[in-house]
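With the hints as your guide, set chain V onto chain L.
Each chain, letter by letter, is given below.
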Amino acid sequence: MATVLDRRESVTPRRFKKVNLADQRPSFTVYGILIAFILGSAFPFYWSFLVASHDDAEFTATPSLLPGGRFFENASRVLDSIPFWKALGNSVLVSGTVTLSVVVLSTLAGFAFAKLRFKGRGPLMVFVVATLAVPTQLGIIPLYMAMAEFGWSGTLGAVIIPNLVTAFGVFWMRQYIADAVPDELIEAARVDGCSMIRIFWHVCLPAVRPAAAMLGVFTFMTSWNDFLWPLIVLNAENPTMQVALEKLQSGYYVDNSLVLAGTTMATVPILIVFLVLGRQIVAGIMQGAVKG
Amino acid sequence: MTTELTVTRGRGAEPRPPRRADNDDSTSGKLSLRHRLANLDVKVSPYIYIAPFFILFAVVGLFPLLYTAYVSLFDWELGADEQPFVGIENYTTLLADSQFWNAMVNTLSIFVMSSVPQLVIAVMLAVLLNTALRARTGWRMGVLLPYVASLVALTIIFGDLFGPQYGLINDGLELFGLDRIDWQSERWWSHAAIATMVNWRWTGYNALIVLAAMQAIPRDVYEAAWVDGASKVRQFFSITLPLLRPTLIFVVVTSTIGGLQIFTEPKLFAPAGSSNGGATNQYQTVVLYMYQSGFQSFDLGYASAMAWVLFVVIIAIAGINFLLTRRLASSGEA
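From first to last, the protein sequence lines are chains L and V.
Using UniProt numbering, the letters of the first sequence correspond one by one to residues 1 to 292.
Using UniProt numbering, the letters of the second sequence correspond one by one to residues 1 to 334.
Check each hint, because a few of them may be wrong.
[Unchecked claim] Beyond 10 Å from chain V on every Cβ pair, some chain L residues (computed):
1. G69
2. F71
3. G89
4. T155
5. G157
6. A180
7. W201
8. E246
9. M286
[What the hints assert, rightly or not] Using C-beta positions, here's what the derived DEER-type ranges look like:
10. L:F150 <-> V:R36: 35 to 43 Å
11. L:S195 <-> V:F298: 46 to 54 Å
12. V:E186 <-> L:V268: 29 to 37 Å
[What the hints assert, rightly or not] So, partial list: chain V residues that the calculated Cβ filter (under 8 Å) puts toward chain L:
13. A132
14. I209
15. L243
16. L324
Worth flagging that the hints you see were computed from the coordinates, not collected in a lab.
Because the structure is a prediction, the values reported are computed rather than measured.
Each residue gets a CB set at the ideal place from its N, CA and C atoms; glycine is no exception.
If we strip away everything but chain V, and leave its shape as in the complex, we get:
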């Protein structure tokens, strides 16, 4: 016991500035086996602890992603005897494939219809939640309710609500003297319906994230602004919004990465028959088209090319979003 203490103290006196006694095996020759084991423990343990993540990421994350690029260069059919190398042919075919562009436009359209209103409503909701409400946690749980429900179940429920013939939403429209809408076969209306599900699910969640960021803004900033005669609205645009910038960037980037991979909602929006994005693919998204090519037509090479193009698009749009949000959110400061 005492020897260990001395050893540790001796280390502390060394010129290296670690906060705690780090091992250094220059003296390990003189140490007992037990000490050497202890030193090994200190040295090796961290790598063992972080290894599972890196190994798993390499095996089920990184490698598949890179291998996707490899597969995309072949005419790779599931179950076929040989997979001929075709170079970039899958990509040239893809870029000339009108169904792919249709899917890309659908994905972007659904994404914009879902992310923009969602963010605006989330910020407004956060403002309301940031007041001195009674039973605060209750309200917060209330707005979070949609987030916890199973996505598949909710999509089926919304599919029913948006049903063209007997759906509640169309009944409601009629009640107000409006025309019924064919939420499934009209292209843009179907996007609006799918975006509604996405918004419904994520707005409360994002509101809580924004709320947390709002509460982290120091009170005296507002007091100073108030003393200077800034109105509530002015305070919101000149203080709250700019200070929320990192959070808004976070929300926008994560919703981009998720939103462009949307699959479950369009897959289950209408029952059977049109389950790959509608009879004329009016709401087929890129991941849904990828699923169809890869796992229903078994054209894995083509599906892989699609995965890679989408990958590049996601990274690009997330990057643009990042820059844009930074610009927009900081304009209040100018």
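Looking at chain L on its own, in the form it has when it is part of the complex:
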């Protein structure tokens, strides 16, 4: 069979292969445009480092496109101005907890929606998808009132709890589990007397690791970047990274070298994550698009 197919392909006239743009080696123009685009994408990061590595007044007078030698000096001033390490630790703690919780709870719910039968499954799933379009951010006023009432404002719990599971996560895991976990396997486990939770743990979880990892990366980044709610509910003594950066910038005299040293320092960890996991992030976005 395979040989027949192969033969047919080789018989196909050459010009057919040129039908689609996707079959052609792209021209230099294509590469040129893409390079320009990526340079444009990277430039603000470089600029941030440039400003951060010079003296503010000096750099303003004679800007240069080469890094200066004062980055560590500026960085240590950042450490004096804001509780940088505390903010970094808080951000890691908040994003880490949220990520773990979103992945576990979304996978559980996704497993139930994809593989278990229960009354109301269809309508409930439609409800989950519908909530994707609800701008829940607009409910922050009562949320703030509640946090103030319970005495939680200023604590990390206030930024963790509202984000413990997301509609997107449930939807994403449901889509993946529906294809990735064979019904027969679940059935066999059940026949063997496995409890539901053991089926989840031993059959479902191992099969969904790639999707769970992607969901984890996205959740982490979203949580890391969250700003409006932490700004409202946290204070300058116990901030996340984003809130601390805002405090750095909001003084009346703004020293650009100081502020951009802060942004550079806050950006480096996430850039490292990107370099390590970028391939998965790209794959995640593209898969999500096709399925969603």
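Quick look at chain V alone, frame taken from chain L:
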């Protein structure tokens, strides 16, 4: 072990057509405790697994949203002893509030300046990425770079680039013999600057989504078109664009929901002093005004009314977008 097997097999023979052995407790009276527990497990587990989402959504999503509507009917000041009921007064005040309309126009203006170019560039970028590039993943990661960086950090960086006196962008304009632009105090230029940040951040991300959809289009459709003598451009407008319709709708609707709630960029665009959208509110957005009313003036009732009006506007515009995108993207088929 064997009994369990028989039980399961017996179920399979029942008239109900489930793909796997579903429990049915008509016989549970005869079953041992262990079986009854197992049946309970099968029945109850799904609800336990999905419960966290529904409980959390109810508590931190739905309830606050509805309670916002309730609060909006009161003169609700944070810390005040009593909150008098004022009916729709907050809404009538809001609709007559020129600062609110200013914020609404700013939000829509920034939204249009950011979403339209973003979508067009994303589609073009996707076309380029859909060629047989060497090191494909590298290019894809490259265009995604802006998406991963922290929004607060980037906004601060862009604020510096767009600085009116010493900003690099103005230096560049001058170099080309153009006039410097006051990116912060000129209303429309400030919108353009903020839209630039949004575009810069999201274009690559959307390009990847569009690219994924492009790759899902079957090859033979293009081959047939090519045989019929359709040009590349014609193929793009008659095949690619219509088939991208669901994806474009998805991108447009999600960018509407996000774009109309824009907050971080205008909040941090210029340092201090003018941090609520500029000295004359020239780039204050609705969420920023809401933040100012609620958490700086502590007028929670008024801020809640604003939240609800914005909620309705978002749903309405997302709906219009949905219909419009469907129409536009399908016009190629006609």
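For each hint, the structure was consulted:
With a cut of 10 Å on Cβ distances, L:G69 stays outside the contact zone with chain V, its closest approach being about 20 Å. For L:F71, the condition that its CB be more than 10 Å from all CB atoms of chain V holds, with the nearest at approximately 15 Å. With a least beta-carbon separation of about 16 Å from chain V, L:G89 lies farther than 10 Å from that chain, consistent with its non-interface assignment. Residue placement check: L:T155 keeps its beta carbon more than 10 Å from all beta carbons of chain V (closest about 15 Å).
Every C-beta of chain V lies more than 10 Å from that of L:G157, the closest at about 12 Å, which supports listing it as non-interface. With a closest Cβ-Cβ approach of about 17 Å to chain V, L:A180 is found to remain outside the 10 Å limit, as its non-interface label requires. With a cut of 10 Å on Cβ distances, L:W201 stays outside the contact zone with chain V, its closest approach being about 12 Å. Against chain V, the non-interface label of L:E246 is violated: not every CB pair exceeds 10 Å, the least being about 6 Å.
The Cβ of L:M286 sits about 4 Å from the closest Cβ of chain V, inside the 10 Å cut-off, so the non-interface label is violated. Judged by the Cβ atoms, the range 35 to 43 Å given for L:F150 and V:R36 holds: they are separated by roughly 40 Å. Between L:S195 and V:F298 the beta carbons are some 52 Å apart, a value that agrees with the proposed interval 46 to 54 Å. Between V:E186 and L:V268, the C-beta spacing of about 34 Å keeps the proposed range 29 to 37 Å intact.
A distance limit of 8 Å between C-beta atoms decides the matter here; for V:A132 the minimum to chain L is near 6 Å, and the interface restraint holds. Hint status for V:I209: holds, given a least beta-carbon distance of 4 Å to chain L, under 8 Å. Here the hint on V:L243 is broken, as its CB sits about 13 Å from the closest CB of chain L, past 8 Å. Interface restraint check: V:L324 against chain L, minimum CB-CB distance 16 Å, threshold 8 Å, status violated.
Violated hints for the displayed structure, listed by number in ascending order: 8, 9, 15, 16.
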